[in-house]
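**Student:** Here the structure of chain A is known, so what remains is to put chain B in place on it, guided by the hints.
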Amino acid sequence: GNSVTQMEGPVTLSEEAFLTINCTYTATGYPSLFWYVQYPGEGLQLLLKATKADDKGSNKGFEATYRKETTSFHLEKGSVQVSDSAVYFCALYTRGSNYKLTFGKGTLLTVNP
Amino acid sequence: EAGVAQSPRYKIIEKRQSVAFWCNPISGHATLYWYQQILGQGPKLLIQFQNNGVVDDSQLPKDRFSAERLKGVDSTLKIQPAKLEDSAVYLCASSFGVAGKSTDTQYFGPGTRLTVL
Chain A
1 GNSVTQMEGP VTLSEEAFLT INCTYTATGY PSLFWYVQYP GEGLQLLLKA TKADDKGSNK
61 GFEATYRKET TSFHLEKGSV QVSDSAVYFC ALYTRGSNYK LTFGKGTLLT VNP
Chain B
1 EAGVAQSPRY KIIEKRQSVA FWCNPISGHA TLYWYQQILG QGPKLLIQFQ NNGVVDDSQL
61 PKDRFSAERL KGVDSTLKIQ PAKLEDSAVY LCASSFGVAG KSTDTQYFGP GTRLTVL
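Chains A and B, in that order, give the protein sequences. Throughout the first sequence, residue numbering follows this note's numbering, covering 1 to 113 in sequence. Throughout the second sequence, residue numbering follows this note's numbering, covering 1 to 117 in sequence.
In case anyone wonders, no lab produced these hints; they're calculated from the structure. Note that the Cβ used here is the ideal one computed from N, Cα and C, for glycine as well. Check before you lean on any hint, since a few could be wrong.
What the hints assert, rightly or not - With a cut-off of at most 25 Å between alpha-carbon atoms, the simulated BS3-like pairs for lysine-lysine come out as follows: (1) B:K15 with B:K71; (2) A:K105 with A:K49; (3) A:K52 with B:K44; (4) A:K105 with A:K52; (5) A:K105 with B:K44; (6) A:K49 with B:K44; (7) A:K105 with A:K56; (8) A:K105 with B:K11; (9) B:K11 with B:K83; (10) A:K105 with A:K68; (11) A:K105 with B:K83.
To be verified - Here's a subset of chain B near chain A, in silico, CB distances under 10 Å, partners left out: (12) G3; (13) Y35; (14) Q37; (15) K44; (16) P61; (17) F65; (18) S66; (19) D104; (20) T105; (21) F108; (22) P110; (23) G111; (24) T115.
Next comes chain A alone, as it looks inside the complex:
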């Protein structure tokens, strides 16, 4: 089956610090990979995605590269802001799972001014 393991939180950073949230996966078949973000009191929003090996997804200064050889999709941002404080979820789906999203447990990021 499909599973996602992501870095345990919480993560606390100062503004302008570098962010990495690790994500690794196992999948039956060829997955598409996603990062979703959940701001306080809001629903999940797609942050970025990658659908094939070596693709780089990017949005709002965040990046993640689909690494098939290490089965990883780590989220990075060069300089975080207070407004980036949220819970970040790594997720995947495969055609064999009817495109059902399988999520990691989420990582709480707090950015202090």
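**Tutor:** Leaving out everything else, chain B in the frame of chain A:
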């Protein structure tokens, strides 16, 4: 473009009571999903509809949970009777394509936070 709508946003009930949640997907989206998100965990799929047919309900506790999507548009998820462990956020999502033939993005609603006392 309007997003996925859900109601109510919050619900508090006592165990053994019944509760229903409503979801209106983005207009034109064929596929609708209900996820359960327990505190501290990632969302878990309960049921997936393609138009008004069920694609996957393998993780739906059918002895107490039911869902329908009449006319292939909006959907309701019901719990009867509720248990303490049903306390969670219930998320609805939709995507444009037909399951099994597309890899569209899933768009999520704000969720309904259920507390069972």
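**Student:** Can you give the numbers of the hints that this structure goes against, from lowest to highest?
**Tutor:** 1, 16, 17, 18, 24
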